[in-house]
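Visitor: Protein chains in written order, with the numbering used here: chain A, 66 to 388; chain B, 66 to 388; chain C, 66 to 388; chain D, 66 to 388.
Warning: the hint list may mix true and false statements.
The list makes no distinction among identical chains, and a pair is therefore deemed to hold if it is satisfied within one copy or across any two copies.
In silico lysine to any residue, SDA-like type, Cα no more than 20 Å apart, as pairs [what the hints assert, rightly or not]:
{"#": "1", "residue 1": "K103", "residue 2": "L312"}
{"#": "2", "residue 1": "K360", "residue 2": "N347"}
{"#": "3", "residue 1": "K106", "residue 2": "A197"}
{"#": "4", "residue 1": "K233", "residue 2": "G217"}
{"#": "5", "residue 1": "K228", "residue 2": "L282"}
{"#": "6", "residue 1": "K228", "residue 2": "S108"}
{"#": "7", "residue 1": "K353", "residue 2": "G217"}
{"#": "8", "residue 1": "K235", "residue 2": "E280"}
{"#": "9", "residue 1": "K233", "residue 2": "I138"}
I should point out that these hints are in silico values taken from the structure, not numbers from a laboratory.
Protein chains: 4
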Amino acid sequence: MFSIRTDLAVEARELYKDGHAGEIPGVSIDEKEEDGIKVVKVSILNDEGAKAMGKPIGDYITIEAPDLRYRDIELEDKVAQKLADVIKEISNVNVNIKTLVIGLGNWNVTPDALGPKVIENIVVTRHLKELAPLQFGDNICSVSAMAPGVLGITGIETAEIVKSIVDKIKPDLVITIDALASRRIERLATTIQISNTGISPGSGIGNKRSAINMESLGVPVVAVGVPTVVDAATIANDAIDHLESTLIKNTTSNSPLYNVLKNMDKEDKYALIKEVLSPDENLIVTPKEIDLLIKNISSILSRGINLALQPNLTVDEMNQLVH
Amino acid sequence: MFSIRTDLAVEARELYKDGHAGEIPGVSIDEKEEDGIKVVKVSILNDEGAKAMGKPIGDYITIEAPDLRYRDIELEDKVAQKLADVIKEISNVNVNIKTLVIGLGNWNVTPDALGPKVIENIVVTRHLKELAPLQFGDNICSVSAMAPGVLGITGIETAEIVKSIVDKIKPDLVITIDALASRRIERLATTIQISNTGISPGSGIGNKRSAINMESLGVPVVAVGVPTVVDAATIANDAIDHLESTLIKNTTSNSPLYNVLKNMDKEDKYALIKEVLSPDENLIVTPKEIDLLIKNISSILSRGINLALQPNLTVDEMNQLVH
Amino acid sequence: MFSIRTDLAVEARELYKDGHAGEIPGVSIDEKEEDGIKVVKVSILNDEGAKAMGKPIGDYITIEAPDLRYRDIELEDKVAQKLADVIKEISNVNVNIKTLVIGLGNWNVTPDALGPKVIENIVVTRHLKELAPLQFGDNICSVSAMAPGVLGITGIETAEIVKSIVDKIKPDLVITIDALASRRIERLATTIQISNTGISPGSGIGNKRSAINMESLGVPVVAVGVPTVVDAATIANDAIDHLESTLIKNTTSNSPLYNVLKNMDKEDKYALIKEVLSPDENLIVTPKEIDLLIKNISSILSRGINLALQPNLTVDEMNQLVH
Amino acid sequence: MFSIRTDLAVEARELYKDGHAGEIPGVSIDEKEEDGIKVVKVSILNDEGAKAMGKPIGDYITIEAPDLRYRDIELEDKVAQKLADVIKEISNVNVNIKTLVIGLGNWNVTPDALGPKVIENIVVTRHLKELAPLQFGDNICSVSAMAPGVLGITGIETAEIVKSIVDKIKPDLVITIDALASRRIERLATTIQISNTGISPGSGIGNKRSAINMESLGVPVVAVGVPTVVDAATIANDAIDHLESTLIKNTTSNSPLYNVLKNMDKEDKYALIKEVLSPDENLIVTPKEIDLLIKNISSILSRGINLALQPNLTVDEMNQLVH
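Start from the sequences, fold in the hints, and give me the full structure.
Guide: Quick look at the structure:
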């Protein structure tokens, strides 16, 4: 059966609400908007909510700033600061813990390279604290960082690599960064989702992955993600939906047309979509300037994470520590 | 009005034939297939053909090799050789002429970077012939190469840059390489179009450009192009078309449904598509692995062009000359 | 004969003074230091000065900030501002003129890629002023930019390309950016030379180039350069010089040793150096972290040039205009 | 005390022989030359040899092909095949074992990026054998690959990362690839050293690293390395040595000069060298075209390793499997 592909909890909720009346049982919503930034917290409270949403129990906070599409340094600073605030709110971050930041995804595939790009600008300090504890002492948080690559590049499940590093260096917190799929073009590179559930199998725009979460690693995992693609099937589906509803609007409920359309089930639609798109393809839709958009949002992510993890450092000190 | 975006003459012909019976007036077609490579020559013979096709009078030869999607060195060699043959057939190439190869497009935008990538591996010899005529003498063809960038990067129309270089160094032939838009996913990075008409305004996946052709430059221009994207609007349109024809098939010609669908004109469809896609976006559809596909096809293009321009050099000699 | 390779006027002066008493005839010097930035203006006033210095008549202003080696945002801002001031002082820059910025050098060779890297972040506006004069009107300066590549990549002399573009778009000012050779390691990526003489044959770390100057182009040319390499021969020469002077210090002027050393002429030394270094090599000395140093200084150069050319734009507006 | 920096066993031997008569005790040498390729096997047989050489007991095989400096496809093929032969000779490679290939070094530092670059083209198959054992079955060797980065980038000792992956996926063989320092310019990117001793602390051009060897990992480690830099101090030292020996040759053994020179000890020379080079710098000497040379040699290394690990695959099959 065809289902709209999305990794965002806010969109899973929208999709649910399309077909149902009222809010989702077992899910609570909190929305705020300030300074052109909308923050939505979707909390999945119990198994009923998890089943309805197709996602594990936990908090999913979305920072949406559509104007990120246009360069605006002040807005970028605010979003980075908001990301830092959310990470601090949702995790056990403090200056005494050790954090491992993991940039998921494939650096050879433009829209999947977000995680590795963010890693490049994370302030890495674990070795400094260990090698020169007197000099770097209590002021900085121990941070290590890694882009483990993807299965096709290493031959090793990403989750296996992360698990083995975690077992070895024993961080208190893992933060993952990943490129996501959205159902809405306007969210690409302008929306950040932060959750305390980690990464579950099947998420992300790449191949299926094993879980990277509290259960598998034994430490809390904060997952930071940004949508960078929309599935081409989503666009085809949306086009068909629009035509359907237009036709339905223009006809009466007792006409044969109305009945044909109403009775066209999801299977038929999916078959149509598969005919439009070559069946074996992994087709994605992006704005033409996606390379630039990813560059900008990855810079915001690394700033936000650095702010969350290194509250005692100035921007200058961070710059000196970035490799 | 919505019109399917394509830069390929073979697709312009397909689109024409969708709505008309018989072959296009003023256009001749020649098709051959050998070794998994299909070669189609579309010749626009007169103004009538040019108008029907929306393209200038001239020859458009398409090399289609769908299996290029899978690495196959032997097929790649054959396609490179076929490209060389077509360039020789369609142009005045010989060892005594001076050729300027121009890689069009924006190197910062993955699917538009094809031209600049090809330029990187062109065997450039003009300076060698001029500086050491006795050593390199009559054996090599004088070739220069350049990737002029795009208007947004330089502030200068690409056509202006090319024109000023051509006026200065006076080549006998210009070969342009450009990324194109196709209407069919399966043609991405597997089809090469070679034409003797140069580049006309509005072609290519980038912004509108001024002409780069015999008329503007005063020398013959061979345009080599490979589709690297499909417009997202094309996918949406195809989805709607499929739904329409499915609905029509399932109804009788005297039903109201049939009439509604038959009477839905192109304007309505375009409005629908614009609703599905954000109106101000330049949305493209690509396979997820487009970075890799472009890398492979650009290597085939540079080999084919080198073979056409340097018939007296061995592969080893070419390698030594590639910077 | 061996001669120390340097593209910096301040170093040419140092070398002259090593062998001569007093200041160089026909050359005036002005030195200032402020905030950890030393600014030295070497003015070559007449043919006598030009001959002694091996450089054309004109002003050569050097901004030296050794602490750029360590990331320091405030210092970087000051150096960018100082660069803007010097460009404004030394040229005819104002909001009504048209400027063409040229990034010289080979983007495939790390220490030679400075110019092309700077170009990436120049605010390019020529097309905006031409296409939307009402919107962008009098507030912005018309700027175009280009990295023409090097002879080995294009087969065309860089000077030919620049000349043909200048003839076509007729700017009022050309600014070139180039990687230079220094004789002192500590100047690499920490010193900027700005001159109003343009580029003369043989300058730069690449191959010999034809002139890019007022005489060849017909418009003023400001050359901005940063040393990124020291010749390996310079290091070998310095080692030998140090040994010589140590030996001389440790002996008396009537000893045979003293005479051997005093009589060892430059030819002998050069032969020695050629034996140490393979004769056919183009060997360079750089700090291991040169990739990072070049990244930092190129960002300072683009900011400084943007500040000089676009005095009416805020940083945000510049960011929005950078492609 | 100053000591010439080299990671090559053949050079450690040369240095020893400079100061001593006869062969090194506890070290055996075997030299062959064929087709422009010289293969030297230095075997350190016991503790005495290990102490004299400053390297662990084991075999160090050097493949030297000076003509690699010039592109020559046939020679490149021969060197790749020779590398495959040496890996097979020196290790337990066969189709039934599992191999992990590790690309050491910093991808942001041109001459240190060799290891990561080689990894990009290793045929990775571990996941295919595990996910589709029937399809890929006994024909292919299980290979995984990884570029773990360096301490400054990850905050984690490279040896720690490798150890944790090895403990997790339990390969039968580890192959490391690393950029080395040589004392001779002409060996840069033209010499390959293969040893069965793994990597010991202090090797490589980067920072000191913990051991990656049989003892630390529990599996055999084959280390493949290519020199990409010469220390600037080596060049300075060589210059001084040449001057010394020239002066000594030109004087008589009872002159004061002779005595001064003979009595100048290594400490004095080191002090001189430190004066020539800034004391806190990590200065390296490379040919200007080092980026290109590293690109070529890394392609040879990946081909050689693929040939050794996948004897049953054709080149086409390998290409299809390279990501």
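Visitor: Pop the pair K228 and S108 into one bin, within, between, both or neither, using alpha-carbon distances up to 20 Å.
Guide: Result: close neither inside a copy nor across copies, 27 Å intra and 39 Å inter.
Visitor: With identical chains, the pair K235 and E280 could be close in the same copy or across copies; at 20 Å between alpha carbons, which is it: within, between, both, or neither?
Guide: within (15 Å within a copy, 23 Å between copies)
Visitor: For K106 vs A197, is the C-alpha pair at or below 20 Å within one copy, between two copies, both, or neither?
Guide: neither (40 Å within a copy, 41 Å between copies)
Visitor: What label fits K228 with L282 when the C-alpha limit is 20 Å: within, between, both, or neither?
Guide: Both, since 6 Å and 18 Å are each at most 20 Å.
Visitor: State whether the alpha carbon distance between K233 and I138 is at most 20 Å within one copy, between copies, both, or neither.
Guide: Close neither inside one copy (39 Å) nor across copies (36 Å); limit 20 Å.
Visitor: Quick one: K360 to N347, C-alpha cut-off 20 Å, is that within a copy, between copies, both, or neither?
Guide: between (23 Å within a copy, 18 Å between copies)
Visitor: State whether the alpha carbon distance between K103 and L312 is at most 20 Å within one copy, between copies, both, or neither.
Guide: So K103 and L312 fail the 20 Å test inside a copy (34 Å) and across (41 Å) alike.
Visitor: How would you label the pair K233, G217 (within, between, both, or neither) given a Cα cut-off of 20 Å?
Guide: Answer is between: at 18 Å across copies they meet the 20 Å cutoff, but 24 Å inside does not.
Visitor: At 20 Å max between alpha carbons, let me know whether K353 reaches G217 within a copy, between copies, both or neither.
Guide: between (26 Å within a copy, 14 Å between copies)
Violation of the numbered hints given earlier is confined to hints 1, 3, 6 and 9; the remaining hints are satisfied by the structure.
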